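Novice: Order-wise, the sequence lines are chains A and B.
The first sequence: position 51 = 51 (the working numbering), numbered continuously.
The second sequence: position 209 = 1209 (the working numbering), numbered continuously.
Just so you know, these hints were derived from the structure itself, not from any lab.
For clarity, every value in this text was computed on a predicted model and none was experimentally measured.
Hints are not guaranteed to be accurate.
[Stated by the list, open to error] From the structure, some residues in chain A lie toward chain B, with a derived Cβ separation under 7 Å:
{"no.": "1", "residue": "Gly30"}
{"no.": "2", "residue": "Ala36"}
{"no.": "3", "residue": "Ile88"}
[Said to hold, decoys possible] Label-pair ranges, simulated between beta-carbon atoms:
{"no.": "4", "chain 1": "B", "residue 1": "Glu1123", "chain 2": "A", "residue 2": "Ser95", "range": "31 to 41 Å"}
{"no.": "5", "chain 1": "B", "residue 1": "Glu1243", "chain 2": "A", "residue 2": "Phe13", "range": "50 to 60 Å"}
{"no.": "6", "chain 1": "A", "residue 1": "Ser95", "chain 2": "B", "residue 2": "Ile1063", "range": "27 to 37 Å"}
Cβ atoms here follow ideal geometry from the backbone N, Cα and C, with glycine treated the same way.
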Amino acid sequence: MVIELNDSNFDSFIKENDSVLVDFWAPWCGPCRRMAPLLTEIAEEVDGCAKVAKVNVDENPALANRYEVAAIPTLILFKGGQASAPMIGMMPKNSILDLMASRGLIPCSKAGVTK
Amino acid sequence: MINADVLIIGAGPAGLQAAIHAARKKVSVVLVGKPENSALAGAHIENYLGVPGKADGSEILRIGTGQAEGFGCRMLKENVTSAARKDGGFEIVTETDEAVRAKAVILATGISRVKLGVPGEKELFGRGVSYCAACDGNFYKGKVVAIIGGETEAAASAELMTAYASKVYWVAKDIAASENMVRKASAAGAELVRAAAKAIKGDDRVNSLELDNGTVLELDGVFIELGAKSSADLAMDLDVMPEMDDTIKVDASCFTGIEGVYACGDVTGKPWQMAKAVGQGAVAGTAAAEWVRANVGK
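Isolated chain A (complex conformation):
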């Protein structure tokens, strides 16, 4: 499941979860809509290991500003509260999983994630 984050729950969620993939998106953005099913799949595959969340930039401009999001979709990986550099534009699922692996979000001992 992809978790919806906003201005009020973002900080606490990042604090409580060690590994989080955040998708900055908006409903009118075609490429964002195309990424959505991939992120749902990733959320299931990394369940128990990392969380997958999304932030609607239209409704939460302060968060978009804080992370200097100027194009969507933008993905940011959080590990221990530390944000990665933003990754801009549509990306295939395997590339996203590779990036998650390279930042240590996966694999973990909790889930049977092989990637």
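Following the hints, position chain B against chain A.
Specialist: Chain B alone, transformed into the frame defined by chain A:
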């Protein structure tokens, strides 16, 4: 408002062949697209069965257009600016605001070039360079932006961005969009600059755009919007989800999986060859016409 049984979007070899095959099945066919925008225009073909030597692509398109019209297809040599599912069918609007309503649609849009290829474009992507005004316009509220491109997507984006930005330059050396769209963009406040982009500049973020006439525009964002509305965007408007590489997946009958929607030619993926485009065009045109006759009645 024009009504058709089968609407074909794209006037390359796939779209024209689809038009011929659909029209011969005695359904009404409208084709919307500009033959000169096909990848075949300007190309030379030497690997097409029965056509020896180097055949002129533009000539093939000219003859093909005549053949399609000869079989009863109505041609609108315009770009599509919007598409939607409507009342159990489909409706598109062209750059001159002509609406076409159809029972089935064939996407034969080809693949579009989106990159401009100027210095700074790749380096500043996501930091002031965008390929989607509809996606990223909101980030440029009260800022100065330029839209690059002379076709319909640039015109639509220039008009759209005036709702967000404090100043919109529309940079185009040649204008291929309809007068109607140019007028709308200008009326909304976009300033047309007749020049080509030479380089996008900035350190951490875009701060200027250099033009081939020596002018440097100080700005915050550059939207690169080449060509017509992309095949991926059109597909999504019709509920067809494109692949990550913008191609549209079809089965052996060129069916997209969405009732009444077919696709053929380069938009379905490689090989980008006229022979494959024509073959798929024949299949898609036949399948769409048969579907209309079987399911909608004729």
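Novice: Decide, hint by hint, whether the structure agrees.
Specialist: Tested hints:
no. : hint                            : in the structure
1   : Gly30                           : 5 Å, holds
2   : Ala36                           : 10 Å, violated
3   : Ile88                           : 3 Å, holds
4   : B:Glu1123 x A:Ser95: 31 to 41 Å : 20 Å, violated
5   : B:Glu1243 x A:Phe13: 50 to 60 Å : 32 Å, violated
6   : A:Ser95 x B:Ile1063: 27 to 37 Å : 44 Å, violated
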